[in-house]
Structure formats: C-alpha cells, structure tokens
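A.B. asks: Starting from the given sequences, assemble the full structure and let the hints guide the process.
Here this note's numbering is used: position 364 in the sequence shown is 364, and no number is missing along the way.
Just so you know, these hints were derived from the structure itself, not from any lab. Keep in mind that this is a model prediction, so the values were computed, not measured. Since no wrong hints were added, every one of them can be taken at face value.
Have a look at the derived ranges for each label pair, beta carbon to beta carbon:
#1 D227 - K330: 27 to 37 Å
#2 A369 - K294: 23 to 33 Å
#3 A42 - R328: 39 to 49 Å
#4 E151 - R328: 15 to 25 Å
Just so you know, even glycine gets a beta-carbon here, dropped at the ideal spot from N, CA and C.
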Amino acid sequence: MGVTTVTDVRPAPAGTDGGVLHTLFRSEQGGHEQVVLCQDRASGLKAVIAIHSTALGPALGGTRFHAYASEEEAVLDALNLSRGMSYKNALAGLDHGGGKAVIIGDPDLVKTEELLLAYGRFVASLGGRYVTACDVGTYVADMDVVARTNEWTTGRSPANGGAGDSSVLTAYGVFQGMRASAQHLWGDPTLRGRKVGIAGVGKVGHLLVEHLLQDGAEVVITDVRGDCVDRVRTVHPQVTVAADTEELIRTEGLDVYAPCALGGALSDESLPVLTAKVVCGAANNQLAHPGVEKDLSDRGILYAPDYVVNAGGVIQVADELHGFDFERCKTKAARIFDTTLAIFARAKADGIPPAAAADRLAEQRMAEARRA
1 MGVTTVTDVR PAPAGTDGGV LHTLFRSEQG GHEQVVLCQD RASGLKAVIA
51 IHSTALGPAL GGTRFHAYAS EEEAVLDALN LSRGMSYKNA LAGLDHGGGK
101 AVIIGDPDLV KTEELLLAYG RFVASLGGRY VTACDVGTYV ADMDVVARTN
151 EWTTGRSPAN GGAGDSSVLT AYGVFQGMRA SAQHLWGDPT LRGRKVGIAG
201 VGKVGHLLVE HLLQDGAEVV ITDVRGDCVD RVRTVHPQVT VAADTEELIR
251 TEGLDVYAPC ALGGALSDES LPVLTAKVVC GAANNQLAHP GVEKDLSDRG
301 ILYAPDYVVN AGGVIQVADE LHGFDFERCK TKAARIFDTT LAIFARAKAD
351 GIPPAAAADR LAEQRMAEAR RA
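C.D. replies: Here you go:
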C-alpha cells in the first residue's frame with residue numbers, strides 16, 4: 001500500500017518526543033480521529049478500535065483477531081489498517097471513512113461467544129462512528145454474534161440479514177486488478193498463459209485460484225497451513241505448490257505475484273529476489289515501509305496498490321447497510337478494473353509510482369469531502 005505506515009508505537013522515554021502519542025497527535029503518519037482501547041476482564045477481551053477518518057461518512061473496516069506479539073504491535077496494526085481503510089473506501093467510491101479493529105489473542109484458543117458479545121458492546125458505545133465486519137481471524141458466524149449487541153455490524157449471514165462471505169467479491173476485485181495490470185503491461189486484459197504465484201490460499205486466495213484457472217493462467221501456490229494447500233490441490237491437481245514464500249517469489253518465469261496473507265510482503269529482503277513483473281494481491285499493507293513503492297518502480301515491477309484491488313469485500317459489506325444486492329455489488333467491484341487503469345495512467349502522467357498516484361486520488365476525494 002502506498003499509504004505511509006506507522007513503525008514505532010513504543011512508549012516514549014521521559015523527556016523525549018516520540019512513541020504512540022507523538023504518532024497520533026503530531027506525526028504525518030497519525031491524524032487518527034479516535035483510538036479506543038477495549039478491555040473486558042470477564043471474557044478476556046483485549047481489543048483496539050481505531051477510527052482514522054469520518055470525512056466521507058461513518059468509519060468502516062473489519063475486525064482482525066490475531067495473536068500479536070505485544071499490545072504495542074496490536075495498536076500499530078490497528079493504526080495502519082484503519083488509515084488504509086480511509087484510502088480504500090475513498091477509491092472504492094464509498095461514503096465511508098476508514099476504521100479498523102483488532103482483537104488480541106489466538107482465535108483458535110480464546111475466541112468465545114462472551115468475548116464477541118463484549119466486543120460488540122464496545123462497537124455499540126461508539127454510536128455508529130465505526131461499522132465493523134470480518135477480517136483475518138473472524139468470520140460470518142462471528143459477526144452474527146457481534147451483531148447481537150450492536151446495530152453497526154456487517155458481514156453477517158443471510159439468515160441474519162447479512163450478505164454472507166465478503167471473500168467472494170474480494171477475490172473478484174483482485175482478479176479485476178490483475179486484468180488491469182495485464183492490460184497496462186502486456187496490452188491484453190487476460191492472464192491466459194501467464195504464471196501467477198499466490199502466497200496464501202485461505203479465505204480469499206483459494207477463490208482467486210478459481211478465477212485465474214478459468215482465465216487460463218498457470219498457478220503456483222503456497223501457504224503456511226497445509227490444509228489450505230490440500231483443499232486447493234484436491235479440487236485443482238494441476239496447481240503446483242512452492243514450499244514457502246521464499247521459494248515462490250524466486251520461481252522462474254513468474255509473471256504475477258499475489259500476496260494474499262498478512263502484510264509486509266514487499267520488503268528490502270524480498271524485492272531483490274522477486275522474479276514477477278506484476279504484484280497484485282489481496283493482502284493489506286503489502287509495502288513493508290515507505291520507499292518500497294519506489295524500489296518496485298525502479299526495478300520495473302508494476303505494483304497494483306493493495307487497497308485498491310482488494311476493495312471488493314468492503315464494497316459488499318457497505319452495500320449490506322442499504323439492503324444487499326449481489327449483482328449491484330459485483331458491478332461496483334468490476335469497476336476496480338477501470339480504477340486500477342486510471343491509477344496507472346495517473347502514475348505515468350505524474351512520473352510517480354502507482355501507490356503514490358492512488359494515494360493522491362484518495363486524498364483528493366477526502367479533501368473535497370471536508371470542504372463540502
């Protein structure tokens with residue numbers, strides 16, 4: 001993602017000017033309107049809700065459930081993800097600002113109904129400033145529980161008035177971004193005959209495999225979870241498997257690299273050995289630090305900004321607030337193709353990397369909303 005990310009939220013030593021308060025109140029990486037630390041001792045809930053902007057409307061973004069190494073890391077993730085949602089929602093054409101929540105802990109070990117209900121009460125306490133949905137570690141069934149204690153939850157099951165799994169349109173949108181990348185780089189909006197490597201074949205990645213195979217691409221996958229790899233290979237034995245991401249990004253003849261797991265995939269370590277000519281994937285915050293987008297450009301690698309191409313899911317959950325219609329959402333998600341092409345054109349015209357061009361377009365829309 002081109003959006004500048006926060007890299008240090010440690011408490012500042014006495015007498016110094018740094019740490020999380022400096023980041024939030026005085027640095028360019030901050031600018032968040034509200035950050036809420038949530039704790040419910042009875043259920044064991046520890047969570048962070050970050051609202052970056054409500055310039056375009058109520059903040060909208062999912063709830064990530066993850067075993068963070070520290071509380072500071074969890075705050076960092078919430079800040080970065082919520083900022084990214086402001087940009088994503090702006091370029092998706094949604095009347096929503098950016099927000100994100102993280103719940104601290106291993107969801108396989110600590111996720112309970114009581115904890116989710118407690119989390120929902122914290123969402124309710126914000127009175128509609130933040131609308132939540134699914135993210136890594138949370139699912140439709142979880143949102144059904146969260147929604148029992150507040151009215152600002154999307155990503156629910158159809159049986160509970162929701163739209164169901166948003167991964168379907170997330171994968172579809174990423175595929176549209178890949179088609180746009182192919183059009184821009186190779187003059188043809190198809191992946192037919194191209195070799196695409198997907199790192200992470202979970203909720204979104206395995207659906208992306210389907211789109212690519214139907215389009216005639218050759219697909220290579222990897223995932224830290226063997227069961228996810230097995231699920232894909234059982235249905236599509238023609239898909240090949242790399243031992244890990246290190247092997248995947250070094251694959252000879254790789255045309256497209258699709259990071260579809262956690263963030264930070266594009267780093268000083270991975271870029272020198274990346275063989276792909278295009279990076280286009282579903283993961284959030286793919287750029288490990290500011291400046292990576294220029295390094296990609298300098299190497300002649302076309303980067304489709306993550307928050308642009310992975311917006312299909314947020315398009316779906318936003319539509320749920322107004323009475324969900326799948327075909328209407330799919331039509332909106334298909335426009336990711338045109339948005340991605342427009343970003344590439346802006347980048348070329350301005351002589352800047354695509355990530356910077358996307359940021360400018362998103363910031364322009366948010367600034368216009370503030371002036372209105």
